[in-house]
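Q: Spelled out from the first residue to the last, the chains are:
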Amino acid sequence: MRISQTAAFLPPKTVPNAALTPFFDTSDEWIRTRTGIATRHVVTRETNADLALAVAQRLVTQAGCDPQALDFIIVATMSPDYQTPSVANQVQGALGATNAAAFDVSAACAGFVYALDTAAGLLARGATQGLVIGSEVLSRLVDWHDRRTAVLFGDGAGGVLVTAAGPAPVSRLRSFGEDWARLTAGGAANHSPFATGPTPAPMFAMDGRAVFHFATQTVASEVQALLDGAGLAPQAIDQFVMHQANARILSSLAKRLAVPAERFPSNIATVANTSAASIPILLHELAQTGALPTWHHLVLGGFGGGLNVGTMLLTQP
Amino acid sequence: MTNDAIFTKVQAIIADQLDKEPAAVQLTTDLKNDLAADSLDVFEIINEIEDEFDVTIEADDPINTVADLVDYIGKTA
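Chains as they are written, first to last, in this note's numbering: chain A, 1 to 317; chain B, 318 to 394.
Simulated from the structure, these hints should not be mistaken for laboratory data.
For each residue, glycine too, the CB sits at the ideal point set by N, CA and C.
Fair warning: there could be bad hints in the mix.
[Unchecked claim] Within a straight-line C-alpha distance of at most 25 Å, the following computed DSS-like cross-link-like pairs (lysine-lysine) qualify:
hint	chain 1	residue 1	chain 2	residue 2
1	B	K337	A	K255
2	B	K392	B	K349
3	B	K349	B	K326
4	B	K326	B	K337
5	A	K255	B	K326
6	B	K326	B	K392
7	B	K337	B	K349
8	A	K255	B	K349
[Said to hold, decoys possible] Label pairs and their calculated CB-CB ranges:
hint	chain 1	residue 1	chain 2	residue 2	range
9	A	D207	B	G391	47 to 53 Å
10	A	E29	B	D388	29 to 35 Å
11	B	V372	A	G93	21 to 27 Å
12	A	A181	B	D371	24 to 30 Å
13	A	P260	B	D368	36 to 42 Å
14	A	T289	B	T345	48 to 54 Å
15	A	A94	B	E369	52 to 58 Å
16	A	F176	B	V372	35 to 41 Å
17	A	T14	B	M318	47 to 53 Å
Assemble the whole structure, with the sequences as input and the hints as a guide.
A: Next up, the structure:
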């Protein structure tokens, strides 16, 4: 699998930390020191499919690729516009990618790596090229009265065009369903006249300490296991392009893996946590700014709700 | 391990994490109120302690003071 193009789209409205103070007791300093976030993008009228489509259009335009030549469109998201159709179906229709299989992957903040691994599988079985997009409208899931979580998230989309070239990536997908209740969002109400059960909470809720523990200890050991399997030391990796959950999680991961913090690039200051979109948005920024120079080994790592973690080693000859 | 020995290690971990003098970290010290630790500092300290003592501190266990940590480790390690 080869990543031949990267693209991102962020809704134009930006919401700096100071703009959140009317909603709850917080401050720019409080948010920055705990999260590394200064501002985020938030949709006004745009849908999830709008964001994903903008990325898809950029990818095919950049590649000079006929949308009908795409074999698949996979969108990783935890905030789709509908239960059905998938965001990927909406993108497919608007793009005119009539020969593509289109579906969403739901693995929260690990979703992009899960989707990319799925794409690698399709490419290994005969597909020639396709789009893998992470797209989120998290502002619709956030409890705008909860300062512990509302400050963390942003909206946006990023994606890649992948082709069947080069070696298959090495990856590890691990899930910890026993801890599912540690992080929940988007509980669906049951409108049936027969329903008597409790309604799952619609707004984002998180056990911060348990999730921090998972994001630092479990993710560090998953990256280590991925690299052990490939016979590489963490110090041999050029860049760790990780899910942007929190700047302090990234520095903790760098410390645990004993690699310099500069190898964990971050854009959380300007986009906040965009769940499944965070890795491809960062990947695109790195590609655009020339910060992905002549990498040989790249690790992608997504982690979050599920709880899920997905890590992938990409190697360029 | 005696509670004194546990305290010495916990004191060093907290002082290092919060960039304080070890003497500022005593048994009665409250991490948030006395040392201005924020919630993520506390998570980091718990991470370091779990590694050092090979214990698991459950998310539901209340940790406020240094003594809370030392007692917890003394009972489980």
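Q: Look at each hint and say if it fits the structure.
A: Status of the hints after comparison with the structure:
1. For the proposed pair K337 of chain B and K255 of chain A, the alpha carbon gap of about 19 Å is at most 25 Å, so the pair holds.
2. Of the supplied pair hints, the one linking K392 of chain B and K349 of chain B holds, its CA atoms being roughly 23 Å apart against a limit of 25 Å.
3. Note on K349 of chain B and K326 of chain B: the hinted pairing holds, with a Cα-Cα distance of about 19 Å set against a maximum of 25 Å.
4. Between the alpha carbons of K326 of chain B and K337 of chain B the distance comes to roughly 14 Å, so the proposed pair stays at or under 25 Å and holds.
5. Between K255 of chain A and K326 of chain B, the direct Cα distance comes to roughly 19 Å. Compliance with the 25 Å bound is thereby established for this hinted pair.
6. Distance restraint check for K326 of chain B and K392 of chain B: the Cα-Cα separation of roughly 16 Å lies within the 25 Å cut-off, and the hinted pair is therefore satisfied.
7. The straight-line distance between the Cα atoms of K337 of chain B and K349 of chain B is roughly 13 Å, inside the 25 Å bound, and the hint therefore holds.
8. Under the criterion of a C-alpha separation no larger than 25 Å, the hint pairing K255 of chain A with K349 of chain B is consistent with the structure, at around 23 Å.
9. Judged by the Cβ atoms, the range 47 to 53 Å given for D207 of chain A and G391 of chain B is violated: they are separated by roughly 26 Å.
10. The hinted range of 29 to 35 Å is satisfied by E29 of chain A and D388 of chain B, whose Cβ atoms lie roughly 34 Å apart.
11. Distance hint check for V372 of chain B and G93 of chain A: the Cβ-Cβ separation is about 54 Å, which falls outside the suggested range of 21 to 27 Å.
12. Roughly 26 Å separates the CB atoms of A181 of chain A and D371 of chain B, a value that falls within the hinted 24 to 30 Å.
13. About 21 Å separates the C-beta atoms of P260 of chain A and D368 of chain B, a value inconsistent with the hinted range of 36 to 42 Å.
14. Between T289 of chain A and T345 of chain B the Cβ separation comes to about 50 Å, which falls inside the hinted range of 48 to 54 Å.
15. Hint check: A94 of chain A to E369 of chain B, Cβ distance near 54 Å, so the stated range 52 to 58 Å holds.
16. Range check, F176 of chain A to V372 of chain B: Cβ separation about 20 Å, and the 35 to 41 Å hint is violated.
17. Between T14 of chain A and M318 of chain B the beta carbon distance is about 52 Å. The supplied range of 47 to 53 Å therefore holds.
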